[in-house]
Amino acid sequence: MTDLATIPFGRWRRLPTPLVVGGVLVITLLAVAGLAQWIAPYPYDQMHVRDRFAPPGLRYLAGTDEYGRDVFSRLLFGSQLSLALGVTATLISMGIGVPLGLIAGYRRGLTDELIMRTLDVMMAFPPIMLVLLILAVTPPSLVKTSVAIGVLAVPPIARVTRSVTLDLMSGEFIEAARARGERLRYILMRELLPNIWPVLMVEASLRVVFAVLLGAVLSFLGFGVQPPAADWGLMIANGRAFVDTAPWISLAPGLAMSLTVIGISLLGDGLRGVLDPKLDGR
Amino acid sequence: MNAPLLELRNLTIRYRGGERQVTAVHDVSFALAPGGALAIVGESGSGKSSIAGAILDFLGPAAEITGSILFEGENLSALTPVRRRGILGRRIGAVFQDPFTSLNPALRVGRQIAEPMVHHLGLPLAPALRRAEIALQEMGIERVTEVARAFPHQLSGGMKQRALIAAALACQPPLLILDEPTTALDVTVESQILRLLSRLRRDKGTSLLFISHNLGVVRRLCDDVAVMYASQLVEFGDVRRVLERPAHPYSKGLLASRPPLAAATRGSRLAAIAGQLPTSADPDAGCVFAPRCPFHEPPCSAGSQFLTVAADGHRVRCWKADASGHWPRQQVAADLAPSFRRGDALVNVTRLSKTFDSTRGLTSWQLSLSRGRPVLYRNEKRLAAVNDVTFSISPGEVLGLVGESGCGKSTLGRLLLQLLRQSNGSVEFDGADLAHLPAGALSPFRKQAQIVFQNVGSSLNPRLSVGEALERPLSLFKLAKPDARAKRVDALLDMVRLPAYYRKRFPHQLSGGERQRVAIARALATEPRFIVCDEPVSALDVSVQATIVNLLADLRDAFGLSYLFISHDLAVVAQLSDRIAVMYRGRICEIGTAAEVLAPPHHPYTEMLLASATDDEPVSEPAAVTAPASAGSGCVFATRCQHKLGAVCDEMPPPLKTLTASHAIACHLELAPGAWMPGFTDADGERRQSGARDYQPGPAP
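Residue numbers (my numbering), protein chains in the order written: chain R, 1172 to 1453; chain P, 3 to 703.
Heads up, a few of these hints could be off.
[Unchecked claim] Here's a subset of chain R near chain P, in silico, CB distances under 10 Å, partners left out:
| id | residue |
| --- | --- |
| 1 | Q1208 |
| 2 | W1209 |
| 3 | L1339 |
| 4 | E1343 |
| 5 | A1347 |
| 6 | A1348 |
| 7 | A1350 |
| 8 | E1353 |
| 9 | R1356 |
| 10 | R1361 |
| 11 | E1362 |
Calculated directly from the structure, the hints in this document are not laboratory data. The beta carbon of each residue, even a glycine, is placed where N, CA and C say it ideally should be.
Put together the whole structure using the sequences plus the hints.
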């Protein structure tokens, strides 16, 4: 038995470490992305021809690249692109995947089969091939990259949503709602969705991470953001040639990406722990 | 007297959780003699399972155990983990509550019974498997080779529990610990398992430590009983002494709140224990039971209560145990006559059938090879869950529906509410045929017919507060203006006797009984005329069960509600119902007023249920418990029937014989009263019941 009076406060009083660490990282990232214009020491495309390959120092915090562009400033601006890509792609995949999973899990039967088998077909394609195909035949743009990556992540999101829905459907509160004659929309949105939310938080954070990584891969391969835009994947690709003489060109964006990935994952995990009332006190 | 096999000395178990510390077991001492059987009885949260956990060493690092557990003279808690593992399974066997999850679904049953013999006795696998089959045979299982080769999902609950007992006894341990081994089983299966256990005890001299909340079960099996309340041992003694003349007020309350197996009048209520188990009781600050005790006096709270030991070893933790009298019965309202009139049925069910058909959907198509060629075929599985059922419920009437799990009673309840659509037949509510209404036109019916579920863990949405859950029906059916809703919610909470501040609480902050009250309030919110109660009390403790049954009875009388009250427990059904229908494999085999069903003549299945509930006359049921329903058109109960006449039962559907205007039995037997049931002679409804010998609560004030 738990002491009832302490629960609402106890839950927030001691925040889990992953949440704090992840939160700090993600907030920093957001702040950096939002304030890039003002805090970046140089414009991302300004070339300092005399300072090519300058090592990290006071003048250039993370050194310069082969054109003498400030790597630190490019990092800051690059975070905007990475975040925009990750968040847009995830919103797209959640927007399509969650309703599909909910309906498949609630309706069962033929609806379920139709939705899930179609998604299975999508999953059968190697993700990178699919995105490359889309991007290779049309001129690249950030919006299109986001949509392509977002659609790719629909099957896993729908599957997670469906499995949690199936689990919840055995709960008698759903049957009680049906016995009241509730409409489908209410049951899905008010009875089911709030209970699926904690799981979706974790899934969404994973999806943002994947999207950021996949976006970087595409840029690296030259199908994503086009030069001279500052993108982490692109920066790593550019720096590849100079890794033995000027490792900072690739290392700095790589490090930034690692921190982003770790931060978002920790945040998602930590949020689930706090949001789920059933996990309380365990 | 021999040295005890198991002895607990001042056992205290505390759980550390963050800043808080919970005492689960407080200073408990008792001893179990070799060959003896001791029961620990108490409600959930009383600490009884923690004792088993401490003996079996699975409480984990959060538990702090002080005091000693002596087994065969050795202090278990002082042993090294390796030595302890050598004793567990080898010298102490254990069986747990849920046979459905206790077996590994991926291993064959025989292998799981052989496992402890391989591990502890060092037997090679082959002879261990042979011994496993012998062990299964000892458990009264026929076709042992088949069962041993089966996977757990192929066995019924009773079979699984037998297999688990066989596994626990594989190494012939002198002590068997059973933690609520029959709680998840049907009454008929429960009584078979109990008989098996008492036979094992007699034949093998195995000692039993039996943990249960069910006092009736304890009486059949054990010598001594320890009653626990809020982590303390409150009474200990001979089982007959404690059950017939309980000394501690809590024992009295617990016994009094058990419903008798007799038809009840409208005005009668069960004795109940007010309040609920304290979350963190401090035994030093006075008697832990004092806040709920009707015999409470100021000295009770003055200081800690001590166990007094009588000459016969009977121990009680109550200073005025000798002085206090009978547990008071709940205030009984004037004996109301049933307020319903016959003839104008509220619910009218005619030849209702529901067949579950797994031939729909893509998954029923299966691919297999036939003579080397692939064949796509349809796996046809049909299950008649409800088969040709006809009855009616008058306004204000309560119809009890009894039967074992899987008999279709829950399906029937859902058919009445149109949560499932029938395959055949019709359901009329208030004169309207629901079968021909489209789902969209059911709204007025939905308002008038509601449901209360069994599973208190999942019947409320964990994300909605109590207030939100109760407001939803009000807004859905526009029963109260937005500004009046809060007031209405308070009124609803008051109806189910919960304080108004519970509105802010979430389901996980409520106890089982409180959740069920909220679920009842939610059903009441639409101001229904008819409620399907689907096993509403079977997941609750005895004392909580009594308060919920009383609440349902009060609401029935206050609002003239009709219930379909579904339960596997005949005594609970009898307490609340005007009429009782007995269901077996989708068919109603007997229906009549509560008194008629409980008195002979019975349908053979009713007779079996009654005998299992009392266990006075051990029913020697044909061993084929899991026998499938006869495939033919005959009686569905024929394979288990003790009074089977012969081929006619297998081939002819039994005729529905009408005995009185309200009593009907579907059976081929001659139904002269008392014709085939020696012993069941009382005709006045007060049938010979085990409860009659037990403690009876005092007369109504």
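(Q) Of the numbered hints stated earlier in the document, which are not met by this structure? (A) Hints 1, 2 and 9 contradicted; others consistent.
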